[in-house]
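Peer 1: Sequence:
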Amino acid sequence: MTLCDRSAGDLAADIRSGDLTAETLMEATLSRIARRNPELNAIVALRERDALLAEARAADRVPEAARGPLHGLPMAIKDLANAKGLVTAQGSPIFAGQVAAQDDLFVARLRAAGAILIGKTNTPEFGLGSHTFNPVYGATRNVVDPSRSAGGSSGGAAVALAAGMVALADGSDMMGSLRNPAGWSEVYGFRPTWGWVPGEPEGDLFLHPLATNGPMARSPADLALLLDVMAGGDPRLPLHRGARPVQPLQDPGALRLGWLGDWGGAYPMEDGVLATCETALSTLESQGHRVDRLAPPFAAEKIWHSWITLRSFAVAAGLRPLLDRRAQLKDTAIWELERGLALTAQDIQDASDLRSDWMRVAAGLFDTYDALLLPTAQCWPFPADWDYPREIAGVAMDTYHRWMEVVVPASLLGLPALAVPAGRGPQGLPIGVQMIGPAGSDAALLGLGQCYHQASVGAREGRAT
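In this note's numbering, the protein residues as written are 18 to 482.
Watch out, some of these pointers could steer you wrong.
Using C-beta positions, here's what the derived DEER-type ranges look like [what the hints assert, rightly or not]:
| no. | residue 1 | residue 2 | range |
| --- | --- | --- | --- |
| 1 | A83 | W352 | 48 to 54 Å |
| 2 | R261 | D36 | 17 to 23 Å |
| 3 | D288 | P255 | 45 to 51 Å |
| 4 | P400 | G250 | 40 to 46 Å |
Worth flagging that the hints you see were computed from the coordinates, not collected in a lab.
The model shown is predicted, which means the values in this text are computed figures rather than measured ones.
No residue lacks a Cβ here, since even glycine has one placed at the ideal position from N, Cα and C.
Construct the complete structure from the given sequences, taking the supplied hints into account.
Peer 2: Structure, rendered in structure tokens:
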């Protein structure tokens, strides 16, 4: 295993002890990026080599006792978040070249923990759509098959991890953006309990609790390392949670798990997706977990109606200041903006009522099941030159994001959800499984995921070099 393919935990431990220098790791990282990134386009706005090596040498001069948990580790920040001195284009021509004046809250925590920020990871325009392409940087390509999509909106982060360009990455997730690209890149993505990783104390702090930042890595143990740095309350945020450390991860013992599959046929699936995911279920069963095949616990159409209403409401709030620059927005962004602005107060209340109904049903499910399981996507990675799939298994998609409906049950309730690799299908393309737990079960989910990783896919770590 080469240096760039080692676990983040091992790299960080060796740098803290002095067995590895940050400069050596930075040299290897930049060499890997030079070799892989021209084809994959995962890292954007890469800083100058000399500046990065100088920062790495400075890190090596820090006394060992003062080195944080991420000391000397190269990281690239998803290009929706601000990192002081780096461009935050958000995939939009409107903001191309805009340099951030300060760090976002979680980015400041990464720096304080010793991470060296090397640049950004690519994302769709404003993070909208689960396919990473934009007019500023172009498309990020799948590490398994570069003719295919990397997913999104954390597609650049997932591919950078899978190709060994970074050992840790941040992402964000409103509608599967930490989960879909992880599944399509054979890495791990974790959407934490909403409020576990605080957002920015700016703008409205109450009405739009749909998205969250979270970690991505090549193992759940490395997810835990990064999550413990990113997490923690902030008194300026009224809906934050006081997150508890999740390290060290523990084996949760035998659990009872519920497999929801295609939600009783409500979610169209491409051939092979369910069968490949069910190989992961077999691995879980071999570890002593009980996996029950469940009937749909709630009407999928009601969940979708609630979601698309609240999502459009949130997206419109974010994009409304750009309404007079609509000529520079992609068509799907304009559609969602206009849809959100047309909503009434009664529309929002009705959607919130449905959300509450689903919450009550889900709470009852978690009285019986420790986690619920679903695929990370309803289709295999599609051609990178598509904007989105127009149909799945003969069923027309009526919106640009309906093909990702399978991630909505967790997103709507702000539940923790871990994406794990399930395997490759008949065409050699990858898919993943979501492990969804009740609010606050983050440590238990990561422990379950690490046991699964060790049993089934540990050998994949660093395969895509």
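Peer 1: Evaluate each hint against the coordinates.
Peer 2: Each hint, compared with the structure:
Checking the proposed 48 to 54 Å range against A83 and W352 shows it holds: the Cβ atoms sit about 51 Å from each other. A beta carbon spacing of about 30 Å between R261 and D36 contradicts the range 17 to 23 Å that was offered as a hint. Taking 45 to 51 Å as the suggested C-beta distance range, the pair D288 and P255 conforms, at roughly 46 Å. Between P400 and G250 the beta carbon distance is about 43 Å. The supplied range of 40 to 46 Å therefore holds.
In this structure, only the earlier hint numbered 2 is contradicted, and the remaining ones agree with it.
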